[in-house]
Amino acid sequence: MEKKSFIKKLTGSREALLAAVLLVLFIVVTVINPSFLTVKSLMDMLKNNAVTMVMALGMLCVMLVGGIDISIMSTLALSGMSIGMLLKNDVIASTPLAFLIAIAIGICCGLAVGLVISRADVPPIIATMGFMYVFRAMGYLVSNGGQWAGAAALGDFKKFATTKFLGINCVIWVVILCYAFFFWFMKWTRTGRMIYAVGSNPSAAQVSGINVKNIKLLVYVIMGLLSGLGGALQVSVYASAMPDMQYGGEMDVIAACVIGGVSMSGGRGSVLGALLGSLILATIAKALPLIPFFDQLWLNTIKGVIILVVVVMNVVLQRIADKNALKGREM
Amino acid sequence: MAGKSGRSINNVPESSIKRMIFSWEGILILIFIAVNIFCAMFSEFYNVSSLLRQMPVYLAEVFLMLPMAYILVLGEIDISVGSIVCLSATVCCIVCNMNAPFIVVVLTGLLVGTACGAVNGFILTKFTELPPMIVTLATQIIFRGIAEITLGSGGSITMSNLDGFNAIGGKVGQVPYILFLVVILAVVFAIILGKSTFGRRVYAIGTNRLTAYYSGVHVQKIRMIIYTVMGTVSGLCAIFLLSSSFGANTTTGNGFEMDAIAMAVFGGISSTGGKGNIAGGVIAAFIIVCLRVGLGQQNVHAQVILLIIGVLLIAAVALPNIIGQVRRAVKTK
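Heads up: the protein sequence lines correspond to chains Z and X, in order. Residue numbering for the first sequence follows our numbering, starting at 1 and increasing by one per position. Residue numbering for the second sequence follows our numbering, starting at 332 and increasing by one per position.
Don't take each hint at face value.
Below, a list of computed lysine to aspartate or glutamate pairs in the EDC-like style, where the Cα atoms sit at most 20 Å apart [said to hold, decoys possible]:
#1 Z:LYS213 to Z:ASP322
#2 Z:LYS323 to X:GLU460
#3 X:LYS457 to Z:ASP322
What the hints contain is simulated information worked out from the structure, not anything from laboratory work. Every value quoted in this text rests on a predicted model; they were computed, and no experiment measured them.
Looking at chain X on its own, in the form it has when it is part of the complex:
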């Protein structure tokens, strides 16, 4: 499309170094380095081992960013993931308290997430006229509502058997398991989105849904798969969340959907569809994780960190647009 900068479906690989630095990923890497230098100067405790120790709490949200990137590339949005995390964490806790083996607990969590995602996908593919925002808004309220009913009037639950969750919260040397899993999943998601036919079809749908449909892409099937995977990954996020919180309450996962979307959008994945890649999203996610760890070490309140993320998010989308407008204005003069 004319005037749309960035990657589109027919992206040509560019090899020159200048291009690489000025691409969004290049800028993100520079920001990443700047954030780390800033954190190291700001907090005397900030180093690799403290980063690795405090990271796992924030890494669970990075899982959500990966399928959210697919949904954004489709040009859609899913704001129910926070509630799916809440519901699967709740059900996991209940199953765990029934002294079920750990593998059953994990499978239940994943299954609940998958079922919730499938519900989203089913409604969205059956009634294609509906905007995803409204449907996932409704399911967001419903899933959290079900969790509230399950939790009862107390509104929270704690686990009695922590062995399994302690095990997945473990680490190899200094590196926690969850970091390995995030990297592996990120690579898998990146390869599927960037290199496979499936990924190319996702870009095609995001760029122009009707054209994609007429070219023989099974639009609804792909949407269904992506929303279901979003649910599964939300279940995974819930399990890793439990490995550090050991319990669930009605506010578990509050605002996770926004954080996941913020990471993806900050990583250059356009919410209007068809643009962006996982690499950008992952770098952006790690920028936010490092920022949270670094500022958290100096007791900066979570709200202030959210303020910084909010400003980064708006600036990341607004600045390229403003620069483009100025450039066009100069050119026409």
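One chain only, chain Z, in its complex shape:
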């Protein structure tokens, strides 16, 4: 009896479904082109998608409380550009300090977004749209009128993305640590559970003594923090900082979450789902050039179709589930 319910749980869970999709994707791509399934290629894939993967965690938190943040890539550009210019002008030289500054800038940006949304009751899409313009423009101003900080100007900082620790690239370590922390944070801490509570039913959460406004502020600060971290990672992985980096990249992060089963209306979604969602997107982006006939031009169309199919499938499955639940009640 118990075993049956376990199997039912496994087949019914969204994460298992996503893992199966990812597995099928891996097998198909490997059959077509065996060079895909090598350690180096997989590590490259993780490294190049580290920014999206880390920021998907923040987006998960924001979407869990029913919000959305489209200003993240502007925050990334502002924090990345700031440390890029600081390194270029030899104000700072140490890598940890650069990371700290990027994260601090990210937190300030997140705080501004969070305060406007939680205290002034501005709808998240409108507020973050405004901040998207503001932070991107600030990044541009920081860059002194569109200058780049190229590889030569970054000094030791760019080495962060090429050094290995225990055989794994430092950037991938950051991703692993973030996911491990958030897995624990969302599941086993009071604050993590509060985020879920606020997302499922804000008024019930309010009545049970959760400060809804502070939780809403918190998720945007987390998002800002991870955007700042993403900015530092972006600069070090691509060894350059420019004011228009990752323009439009917020859609990828949202897409990763949506594919991972995070609901737009809040309360539903998991860290594992966000991980699988971003891995599926990363695999498709990596695999497409390896497959003959499809070239890189098709990437966006395929990505969009996948998002659409996933959300529509969700609705269809939900409708079937509701119908079955009703059938069970019939006499």
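Model the placement of chain X on the given structure of chain Z, informed by the hints.
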């Protein structure tokens, strides 16, 4: 709804002058005048004729604001319009390069836009559980993706036959055709939203969708119409965009959806639905157009102008809320 200031479905016309000045449209007109005085002081080239000469480039986006206002009043959002503009501009260029007559080019542009809008509408009305944000996010990526595939590896296309587009870029005296069209369309959209049964139904859906449905409003039919019209107008925007750019590339129309939403929201149209009118949106749109022309004349970078628009947008929504909160706090004391 209690605590919701502004217009709702049963708005009572108020005639006193004080009310008019303190309404959002009144404030917007004051801002409009202030922006024009500021621009005139800031740039010595800023006057009516230079404004009319440089306006058409920015006016194409004002088209998008009109149906976007309807979608926002419904309490929804469409972020795929920029990509629809890109796709119809691309297809227009291709058809034009095949030496098709100009009317065919225009019709193709409108048709492509309408088809894209209908796709949005179809998915949203068939699967009503889906949030419009996600669906239009997906179609945004798809439409631009199709445009990227059509454009091929070069990523851009230029038109060989410019006669037709030069013609619609023309002007009567000093006033460009596009300004006439913007004003005419704005009046039509305003009358339909403000005075017709259809418009009242849109407000009803935005205020309370379930109540509207139970009162016999064809919610899905109205949504379908509005999303399709959004597509058609995006096609129109693409055509007028081509009359000044004469070509398309993969970044055509990038961020247009945000600009259109920003204009509408700055004009007092609430993104939570049921509030606002076209007049506010149009005044806000012209504030932004004047700001762009004026600051652009002094070589202020586009990013700085976006910074100002961003701050205006946040302030326009946040300030009334903060004032309301302070007022309530004072009252309870």
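Hint by hint, here is what the structure shows:
no.	hint	in the structure
1	Z:LYS213 to Z:ASP322	33 Å, violated
2	Z:LYS323 to X:GLU460	15 Å, holds
3	X:LYS457 to Z:ASP322	17 Å, holds
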